Structure formats: C-alpha cells, structure tokens
Amino acid sequence: MTPGRRKMSLLVGLVIVAIWLAARVIPAAAGRFMDARWAIGERARLLAQSRRDIANEKILFDSAATIKQSMIDLAPKLLSGETAAQASDALTSLLGVIAERSNTKLTGSNPVDDSTMAGGLRRVAVHATLDGDIAGVTGLLQGLAQEATVLTTDDLQLLAADAAGTVTPTEVLRVELTVRGWYLAGRN
Amino acid sequence: MPSDSFRLVIGPVRIAADLSRKGQVVWAGQTEYAGLEDLTDAIARLVAEPEVIGSLSRVRVELERPLVQCRTLVDLPTVPVNALRPMVEQQAHRYFRKNGKPLIVDALRANGKGSGVEAAAVEEPVVEAIWAGVRAAGFRLEDVAPSGYVGRLSLHLPAERARRRREARLSLRRLSLAVGILWLMVVGATWFNLVRQRREIDRELARLADPVAALALVKGEIALGQGMISAVDLGAEQRDEMVRLLAAMTAALPDSAFITSLSLKHGGRGFVGGYSKRASEVLARLESSGAVVAPRLDGLVAREVIAGSEWERFSITFGEEKSP
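Top line first, the protein sequences correspond to chains A and B. Quick note on my numbering: the first sequence kicks off at 1 and runs consecutively. Quick note on my numbering: the second sequence kicks off at 1 and runs consecutively.
Please keep in mind that the hints were generated in silico from the structure rather than gathered at the bench. Owing to the predicted nature of the structure, the values given are computational and were not obtained by experimental measurement. Keep in mind that the hints are not guaranteed to be accurate.
Computed from the model, here is a short list of chain B residues facing chain A with C-beta under 10 Å [as the list claims (entries may be wrong)]:
id: 1; residue: Gly225
id: 2; residue: Gln226
id: 3; residue: Thr317
We put the CB at the ideal spot given by N, CA and C, even for glycine.
Here chain B stands alone, though its shape is the one from the complex (with noise of 0.2 Å):
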C-alpha cells in the first residue's frame, strides 16, 4: 500500500472517501448521490474539500455492491491468462446482468484448487460518471476495482485500457532501448577503454624499445657465453671418466686375470675380455668393486692352455644401453 493515497468507496447511494498519509487516515468524509447524473458533482463535492486539495493527485476508487457484480464462475474451459478476461467479457450476459448497458468486465483466475474464476462487471456509465467527476476536480484515476478485489480486478474504461496498454508497451521500448543504449555505451566504453591502454602500452613500449634491444643484446651474450663455459665444464668434469673406470677396474680384476681386450665408451658401457684362472671369480669381483654397472658374462665360459697351464677365457659386457 503507497504511503499516501486518497481512496474513493463507492456504494450504491453513498461515497465514502478517505486521505491516508504513511498509512494513518488524516482525513475521512462522506456524501451521498442520487443516480448517475449527481455522482459526478458529489465526487467533485468531495475531492474539493480543503484537506484534498492540493495533497495528492491520484485517486483510487473501490465499488460496492450491488453497484458492481462479483461473481465466482466454475468449469470454464482452460485458457491463457490474458485471454481470461475477453473469455468472460464475451459471455457476460450469461454470467451478469447488463441492464441494457454496456459492461465493463475483469477476471482472473482464482487461487487454490480447481478452476473457479473470480469476475465483476460494472456498468459502463457508473464508471464513466466516476471519470468525470475525478478529472472534473483534476485528478487522476489510478485504479477503478471491486472492494475485496483492490490490485487484482480492474474495471477501467475500455479506452483507459487501451491507452494503458499503449503506455505499458511504450515503457517497454523505452526500457528496451534505454537497456541497449546502456549496453551500447558498457561495451563502447570498455573498448575504448581496451584502445586507450593499448595505446599507452605501446607508447611506453616504443619509448623503451632502444634501451630494452641492448639490454637484449647484453642477455644474449650473457646465454652465449654461459653456453659456451658450460660446454667446456661439462668436458671438463667427464674428461678423466676413463682413467678412472680403467684405474677402477684393473684394482678390481684379481691377480690371477689379464685383460686382451677392453672396450669404454662414455657413460661407463663396454666390454673387456681376458684369462682367468677362474672367470666367475672375475665376475664376482667386477660385480662387488662397483668398478663397473651391471656386468654379466658374454657367451660361453672357454677352456684354454696358454703356457702350459689352463685359463679360462672370458669376455664381460657392462654398462646399461640408454633407451632410445
């Protein structure tokens, strides 16, 4: 409910009126009318009193019984909402008397259970009589309804509807482009705004640009020359690998063996091959020194005679083949 209102109660012979200010009643009267003809200029009377005058410039109007007709109408068929109302309005002289007037109808459809439908009707000539007199004392109707139907059931003028209507759609397309200009205006400000850092980017980047190539150029030389000093590093700390697994491996070989054959490779693989009194034992050795990374023995163990005594010949790979 607004905070202020001036309402209207409308009853067959009497008007009641009230002034509401943040939901206290300020102001309260009462007239009576006798027909149409005198409706108008009791409203007026009404509206004219000093407290109204100049408070506000929207009325509201309730009607009363039997001034309007509120019916309840069951086993309707099933239609869109907004086809309710011209569903009953083209059917009213079944469902409310008309007096040989013309009809002012509203409906909805009612809560809860089943498909009752709630509609009042109002003569045409009541409300176009209420009209008068609230734009006679120059005001404004904001709502014509049913008492107990306030907000649900309207019963304007049908060329007050149409005008609402148009108003409605009007609001809408102004909304609508008052939407799409926004949107309009976001989305050109943000690329503007995307042009606009864009450009200042570029600016600082161009003004920068001499200093940042020879810095560019000092890293350069800096990789360059880090490569180059890792290269020889790195040869330098593999360049005595062989000494060192051949020094390993001769103070792993027992006494009793020497070498025909050795073959290194880097990253520790080859083979030797050789006499031994017994080649497991060289094996075992090679194995438990650590000399050498997984050795195992090539082929068959070979009985030999060299010199008059027996040796076995061996021939030993190690070293673990890189996966491709």
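Just chain A, same shape as in the assembly (with noise of 0.2 Å):
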C-alpha cells in the first residue's frame, strides 16, 4: 500500500470513527449525563423536601392536633351510623321530626344514590315527599338549614295540590325534595 492510499485510508477511518462518535456514542453519553444530572437534582430536591418537613415537624404536630379538635367538633354535624343504609335511616328520622315541628306531613322518602365522598366521610340522600302549606313549608326549609347536622337541601318542587282550583291562602302544597347529609363510614 502506497503511503498516499495508506494515508487515505486512515483519513476515511477517522472520518467514520468521528461521525460514530458524533452520532452515536456522544449523543448516547451526553443523554445518559443529563438524564443522572435530572435524577439527582429530583432526589436533591426530594432531601430537601424532607429537611424542611423535618425542620417543620412541630409545626406540622401542631397542625394535626388542630386538625384533630376540627374533626371532633364535626362529629355533631353528622349523621349517626356507620353505614349508608343507617345514615339514611337516621337522615329520613331527622327529615320526619323537623317536618312534624314545621307543621308538614312527611308522606314519603326513599334513599337516592350518592356517592361522594371525603377522606372517611360518606354522603347520603334522601328523596321526601311532603304535605304542607306555605308556612309550614318554609318552617321545614329553615329547620333543615338551623339543624346541628348539618344537611343539604336540593332540588326542591313545590306544587299546589288545587293548582286549577280556588284561590286560597291557605292552599295545600306538595313539596318534593332532596335532603343530603354527611357520615362517617365505620373501619370495616
């Protein structure tokens, strides 16, 4: 091989050594660098995360004490049971006394689908039918909202029983309603 063609052919083989490395081996490296740089900083940052809640502890204790008094002095605002069919049944009981202290006639009530929930509270719904007038319906609307428990109404209906009929303060009013209410589900 003549020094010319020799001289050559070690130019071409750098040539390819070099676009190799360019394409392959240096993008490869350099990914692999940047992706262990992006992996430690996301760790650095979880350590730091972790000092400062550490830092932070008392007052984190201290949130959870509060937390916890909060949650005690809910336990008044919620329906009685553990389960969905017991807080419904609590929640038509309760829907029964305010509407007999309101002067309304609670003539029927079935449990509506509900499943919202937040963290260990449960929400449950209560479809009510009720005779009533006037009065006695806006004596059942703030009974339910001055209730301890706290209760939801939604989707009310009012109809007059004689709507076609006689003109008359003393009308008689079919009242449909939702009654929603919140309770802690039991453990199990």
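From these two lone chains plus the hints, build me the complex, please.
Structure (structure tokens):
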C-alpha cells in the first residue's frame, strides 16, 4: 500500500470513527449524563423537602392536633350510623322530626344513590315528599338549614295541590325535595 | 521578536553577528570567510566568542544576496499554499541559477493584488556549511532565511525540513492526546462527582426515611381531615340556599300573584309557575329585586278566569345553565 493510499485509508477511518462518535456515542453519553444530573436534581429536591418537613415537624404536629380537634367538633354535624343504610335511616328520621316541628307531613321518602366521599366521610341522600302550607314549607326549609346536623337541600319542587282550583292563602302544597347529609363510614 | 536572540547575517564574504537581550544589542562582531570551506570555521569562530558562549543555544541565520537568490514570480498558476513550494522547487532551474549545485527553495504568495509569488533559493552546500558551523559550536539552527524575509521564507535543509515536519506532527499528536486525556479526565471527574453526589443523597435519604415516612403519614391524615372538614363546611355554607331563595322570591312577588308550582335546583336554577293579574309585573319584580338570576317568561302568557276573575297564567324560568 502506497503512503498516499495509507493516508487516505487512515483519513476515511478517522472520519468514520468521528461520525460514529458524533452520531451515536456522544449523544448517548450526553443523554445519560443529563438523565443522571436530572435524577440527582430530583433526589436533591426530595432530600431538601424531607429536611424542611423534619425542620417543620412541630408545626406539622400542631396542625395535626388542630385538625384532630376540628374533626371532634365535626361529630355533631354528622348523621349517626356507620353504613349508608343506617345513615339514610337517621336522615329520614331527622327529616320526619323537622317536618313535624314545622307542621308539614312527610308522606314518603326513599334513599337516593350518592357516591360522594371526602376522606372517611360518605354522603347519603334521601328524596322526600311532604304536604303542607307555605308557612310549613318555609319552616321546614328553615329547620333543615338550622339543624345541628349539616343537611343540604337540593332539587326542591312545590306544587299547589289544587292548582286550577280556588285561590286561597291556605292552599295545600305538595313538596318534593332531596336532602343530603354526611356520615362517618365505619372502618369495616 | 524574541527578547534574547543571536543572529548571524551572512554575506558573500562577510559574516556579521549580534547578540540581543530584551531588544538591545549587547554584543556585535564580524568576520570574513573565503569560500564554503572557510564558512564553517568562520561561524564556529564567531560563536566561540566569550560573550556568546553560554548565553544562548539557538541561532537565527539571515542570508544576504547574492548568496541567496530572491525572485518575484508572476503568472504562476493558482495552487494551494502547501503546493506552492513544491511547484517552484520543481521549476527551480527556470527561476534560479543552479551553478551545478542543488538548490534549497522556498516560496510564498505575495500580499496584495495579483498572483505574484515571492521565492528564494540558496545552494544546498551553503546551508550545509552553515549547519555544520552552528552544530560544531554546540548551537541549534533555529532558522535560515533571506534578509528581509525572516519568518516568512525558510531555507532549511530538506532533511531538517522533514525532521521539523515530523516534530510538528508529533507535537500535534501529543497535543491531541493530551487534550483527549484531559477531556476524558474532565468527563471522568464529572461522572465520579455525580456518582458521589448521588450516593451521598441516597445515604441521607435512607437515614431520613423513617421520620419522613412518619411525617408523610401525619401529612396524609391532615389532608384527609382537611378534606372532610371542607366538605362539611361547604355543605354548611350552602344549607340555607333554598330557604333564602324561596324567601327572596316570595318577597319579590306582587300581592296579586300566587304560585302553583315551583322548582329550585342547586345553583339557583329553576322555574316558577302561577297566576297573576299581570304576568309582566311578576317578571319585572323578580328581575328588579335580584331574587333570581336571569328570569325569563317561558312560553306564552295565557288568560284564564278563576273564581270569576281574569288571571294571567305565567311560567318563568331563571338561573344560568352551566356550560358543559
């Protein structure tokens, strides 16, 4: 092989190696390097967060104590019972008591599916039908709003029993409404 | 120009020498020689002067005319820089006197317009004699150039040129190798540093794992508790929405109106139907009182006679539909 050809072969070889390095090795190495740096950055952030949490341990436990107290205060606002059926029964009973107090008559009730939950709390809903006059209905709604147990009323419908009949202030109203309340689900 | 230099200016019969330190000539001398045979000795004599001995180890030689032949060549074909000297060397007999002796040639493209080439040639025995004299004195010949072309043209012996090229290539390889090694070291050190950092972080994370897990549990319980409290609080805020809405509506209705049906949904949407002496008055009262949002008559108002009086039957919807 002449020196010229040898030189050319060497040059071609060098170019091939350079292309291989530039196209494969260097990008792959750079990628791994960047990945490693990113991973270390993430872990360093995690470590910093952990240290901050430990440094703020007292504040966290204070918050936990406050939340615990707030949850104890929450108890009267919840329906009794640990299952949906028990809570629905409790809600229906409560609705009956309030209806009686407001001179309306609970004529029917049936549970409505409600899958809303928040932590250990579950929500139940009851669709109820009542009869009464306007004062009774207002009293019923006020009673629901002022009850110690937090109850929310939704989908209220009023219908005059004799809509096309006589015009009188003592008309009988048919009331349909959905009442919702929270209960604390049992561990099991 | 280097701060310390020893220069020999060789003419056809005379050799001038000067020794400069920091740009100042500190010693100068000259001698004459008779023929090439004497040139080697003359150089050795000059270099052996007490002021010169031991002061420097390199010599720069400038050749004067007619010892060196300088030409400006025009109308040469345009060739790459590194092909210029071989081209002139090949045609040396056309441009220079040979006197039957081999020539050492160098050429460079002149600056400025045109394609003029500055070329110089010296008989090889002259450079050999200079080389021998410098070597005999224990010096190293740094450069041989025509006067006025120092640093631009070089008239070294072919063997010396080849040696210098080899040295330059070797230096380049060494430099490349050094740069490569340096890069590898930098990459290695950086990678090592990354690994070390990661180990330190992992060790610290492992040490903090238990307290962090306990705190995470507490945090989870707090979040859970906050969710529960928020849900009940939200219900408590909304619980009197219906009664407020109903009270506002009944207060807004004119005395001459009565309701036969009412529907209220969460968010203040619904409809109200009933009878009034003037349905438009009901709508206007509901609108002006702000009891409900966006009330509008639903369908046509019908006139009916109830208990001997004429009433307008109305159906009003209100509230804004939420966009999906």
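Hold the hint about B:Gly225 up to the distance rule: shortest CB distance to chain A must be less than 10 Å. holds (4 Å)
Supplied contact hint for B:Gln226, tested at 10 Å Cβ to chain A: holds (6 Å)
Checking hints one by one. Is B:Thr317 an interface residue toward chain A, by the C-beta closer than 10 Å rule? violated (14 Å)
In summary, the structure is inconsistent with hint 3 from the numbered list given earlier, while agreeing with all the others.
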